[in-house]
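**Student:** Hey, can you work out the whole structure from these sequences and the hints?
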Amino acid sequence: MKKKFWKKFRDRLSGRIFFILALSTISALVVITVFIFVSGMPLIAEVGLFSFIFGMNWSPSQGQFGILPMIVGTVSVTLGAALIGIPVGICCSIFMAEFAPAKMQVIFRPAIQLLAGIPSVVYGFWGMIFIVPAISSNLGGLGMSILAGSIILGIMILPTIISISEVSIIALPRHYKEGALALGMTHWQTILRVQLPAAKSGIVAGVILGIGRAVGETMVVIMVLGNAVAMPESILDSVRTLTTNIGLEMGYASGAHQQALFATGIVLFVIIMILNITAQYITRKKVKK
Amino acid sequence: MKRLILILIIMLSLGLLSACADSGASGEKTTRVVVAGSTSVKPYVDILMEEYRFLYPHNSVSVQGGGSSAGVRAVRSGIAEIGMLSRALTADEQDLWSVEIALDGLAIIIHPDNLVNNLTIEQVRGIYTRSITNWSEVGGHDAKIHIISREEGSGTRSAFQDLVMADEFISQRAVVQNSNGAVRQLVSGNRDTIGFISLGLAEHQPGMRDVKALMLDGVAPTQENVLNGSYGLYRAFLFISAQEPTGAVRHFIDYILSDSGQEILMVEGLISVSGRISE
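Here the protein sequences come in this chain order: W and U.
So my numbering is basically just the index in the first sequence, starting at one, shifted up by 30.
So my numbering is basically just the index in the second sequence, starting at one, shifted up by 1.
Just so you know, the hints here were simulated from the structure itself, not pulled from any lab data.
Hints should not be assumed to be uniformly reliable.
Claimed, not checked - A few chain U residues that face chain W, going by a derived Cβ cut-off under 8 Å, partial list only: (1) A71; (2) S78; (3) H147.
Every value quoted in this text rests on a predicted model; they were computed, and no experiment measured them.
Glycine residues also receive a C-beta, built at the ideal position from the N, C-alpha and C atoms.
**Tutor:** Shown next, in the form of structure tokens:
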């Protein structure tokens, strides 16, 4: 009798404890979100959403808070990273899923995971010491540029794209491939016409998550972009991204300047949210089918 | 068995609690001074702190970075007893107690291979507003000038803005780095760049590539020239506190303002002050 009571009690108690712990993760999200919005909103209200987002001038010491050059910076660097990362990433995932012999997979898979495990400051340092001078001496200019940021971020988003794409290719039902081969398609045709279209939603989700990572990356871009707050005219120009703006200026910011950095955070938050929700929507649609 | 473990856990946690209470009580006996703020001032205070620890092993001082404004916040919230500032107090910070601990010269630096040795203040201003864009316009090689600046809010930048730019502004095309070290690193690695950093950090440093500190209007950037007033680019490093400091905090500040403290700062490249107390 007594034992049964204890068993039941313990069962319920453990459930409660897990619930409380799970709740703490959500509350962390809520606290952070509320804090960013409460800290940043007053400035957006004061400056006006339109002139904050489409303002060309960022000089907090003169009361000018326009982040358009940084939005352009974020978009251009992310696009560059996507141009480099997506083709390489998808090709690599096809290789892993379809061509790589078991022995090679043993080397490739941990190597790609390791790529994800390298701290971003190490990527940034490597970029600063190697990529930036290489661009400077071959293409001229200072080297701190959209190009430098794109190359490094393009490498950094590879693990995300490769692992998610590979999983979604492997997870396809066997009869897709077998049917295609039985109909006389070559291996290459099977991949291009059957497997890739079928795994499309998984691959797109992987790409979007990779892009989300590129948008949110801070340390690397602080180190290699040069952080100038001007509209870029070529890929060799220095730009500043939204994340860098916060990371760069938070130490010395106070008053309205600090609020403006939180407001930058709000814009970043909204962009990342849209990307993540899109990725989730795409993967969910696939499950329904 | 289970009950035994439970009892053990309760005993252990009680023991821990009492241990915490103990350390709390004894913690009040040793004085602990937390200094936080400007990353420009921090390296110097680090050195002073080591010397201070050696002289007074019972007084503990810890130094943290974070930036001038972070220093103000830390002092206001009571996290730190002393804040370090590399800029002047703003209008809404005037209620804080402050003291100048040293002056810091500002050096305009270029790559050692650059032929230019001297610029006028007007030329520097022209370069930073991008009305001068090629080194050949100021007597150097034929190449585009890459200007390097510090981030908005940095004490070094606001000093440069006040002393050099007057009522004009640094071009938005300037590359922005967020520390003296990063500016130095970039300038030492590219022949076409120009930047500004703390005078003390512009001198030769073992293991690092050199940079050349420019003469301004024919005056070399040296400690002597700052002291005799001929080199005009310098700013004050401040210590701030929520109120007039007493006890251990006062003791540390007095040490820094003492002759031996000031001498250490001089050796490290700063310029001594007599310690004018503003409030």
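**Student:** Decide, hint by hint, whether the structure agrees.
**Tutor:** How the hints compare with the structure:
no.	hint	in the structure
1	A71	holds, 6 Å
2	S78	violated, 13 Å
3	H147	holds, 5 Å
The structure fails to meet hint 2 from the earlier list, while all remaining hints are met.
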